[in-house]
Amino acid sequence: MNKNGPLALLFNGLVISFMLAPLVIVCLVAFTPGNTLTIPTTEFSLRWFVAVFNHSDFVTAFWNSLWLAIASASLSTAIAIPAGLAITRFQFKGRDALNGLFLSPLIVPHLVLGVALLRLFSLIGATGSFGWLVMAHTLIVTPFVLRLIVAASSGMDSHCEDAALSLGASRVTVFWRVTLPMILPGVTGGWLLAFINSFDEVTMSIFVTSPVTVTLPVRMYMYATESVDPLMAAVSALMVALTAGVMVILDRLYGLDKILVGEK
Amino acid sequence: MSQAKSNAPWLLSAPAIALFVALLLAPMLMTAVLSFNVFDYNTGIKNAYTLDHYIAVFTDDYYYEVFWRTFWIAAVTTGICLLVGAPEAYILSRMKTPWRSIFLLIVLAPLLVSVVVRAFGWSLLLGPRGIFNQISLALDLGNIKILYTEWAVIIALVHVMLPFMIIPIWTSLQKLDPGVENAALSLAATPFATLRRVIFPQVVPGILSGSLIVFGLSASAFAIPGLLGGRRLKMVATVVYDEYLHELNWPLGATLALILLAANLVVMLSYNKVLERKYQKSMGVA
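Sequence order for the protein chains is V and L.
For the first sequence, my numbering begins at 10 and goes up steadily by one.
For the second sequence, my numbering begins at 5 and goes up steadily by one.
What the hints contain is simulated information worked out from the structure, not anything from laboratory work.
Just so you know, even glycine gets a beta-carbon here, dropped at the ideal spot from N, CA and C.
Any given hint might turn out to be false.
[As the list claims (entries may be wrong)] SDA-like cross-link-like pairs, simulated, lysine to any residue; straight-line CA separation at most 20 Å:
#, chain 1, residue 1, chain 2, residue 2
1, L, K50, V, S131
2, V, K12, L, K50
3, V, K102, L, L16
4, V, K12, L, S97
5, L, K179, V, K102
6, V, K102, L, A22
7, V, K12, L, P91
8, V, K267, L, R200
9, V, K12, L, M99
10, V, K12, L, L16
11, L, K100, V, L16
12, V, K12, L, A22
[Stated by the list, open to error] Stretch by stretch, here's where chain L covers chain V in the computed footprint (C-beta under 8 Å, at least three residues):
#, stretch
13, 101-108
14, 121-128
15, 183-189
16, 204-215
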């Protein structure tokens, strides 16, 4: 039927290599045995990976990022489930405004959010507090979770809930035994998407982290502006590997194209 | 019961509303106030109000240059993303499974990798030891300097933004009935005419929303110009960062950030208006 010509395939090949090039080069350079940023040709070495694990700044930043991402993804899921159900299950005045408010962190630049939160944190004395950092990340990842929960709960058959209610189940039982299991793929997909977005975030975090709460991307940004050696490549390769791992899980759970492209 | 019902959605979303009021609306308001605060390099932020920061930004050639650079870089990035993303989305939509989902994944997956990692990757590719300079040296063309120029920033921005352009165009292509394309072809339209008169008008909404997202994100990008622009090539986001963390002039930084936000909104809204009008006209003619 409608097939792509050779020119179209060549174009596709170029775009694909363009998209992969920076990630591939980072992973290759990470295996260099030398002290400079070169692609290893004859010898491969794991020395820079070892160096990452011995670099206490990166290790601390990694744990900060990991706990931060887990905490903010969980918190945002906890508040996005009831909010998402409110938006899909009820018709009420201000529904669209509420939905718009919850999705607005996608439109306001993270730079502006970072600046605004820095002002708030300095006024209430929360600079360097891990708890407030979790809240800040919860704010920016909530839209991702909310979108998937809204999609999942408007896609499910709400007659199941009605059936359970008419059979005498309480609203709480209906939520735990009927609604939640049915929207679970959306919830877990949203959690993972929130996790990876929090884990990767740099622009807002650079304003609101302190040396104690510094996250891995912020630490990497600082490192890259100060020095250039293969250590940075090794950390980056580990980040790529971690992302790939999360992607595989996401794909199994929910279908990666569905998450990235959105509901059709 | 009816009373409980009307309260239910608000009760359910109360935690989320509390978070968004406390960490989004209130801080934005505080920042707006901050941008009018008097600042003194010796004593810091004062409780008096002034328009000085806004006047400084609008009259100083330095800020004019930074804003101009930011917007032309964002515009060029949007243009390239459109020229690459639209055909790529179309080519992908014509592929067969499993190739279609494999290539779509490769195009979209970098979205999930931290922007710092991607910027670092581009600094390796575009640097003096990078592949482009190696090719140029091998061809005896001499050293080419890309890193720390506008083009390094643009190339990396295109890499980061391309998925945001492809996703909405892909989504509108999915809604397209392949029968319509075949109908045009069977009625003796050339492939190019089919593309221009049948397919293009239907993906305009996707192109529009993709361009808006790409422009907005590019204009406020921080890590890419920070890592690939070097010390001299400043964009608005990196200047804001400097004002906040090096100069410690928060009111001026807040002013710059808010002007960026406002300028972004104005550009997006007017672009939207223009395209909408054009789009309506072309539909009216058809």
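List of violated hint numbers, smallest to largest: 2, 5, 8, 10, 12 and 15
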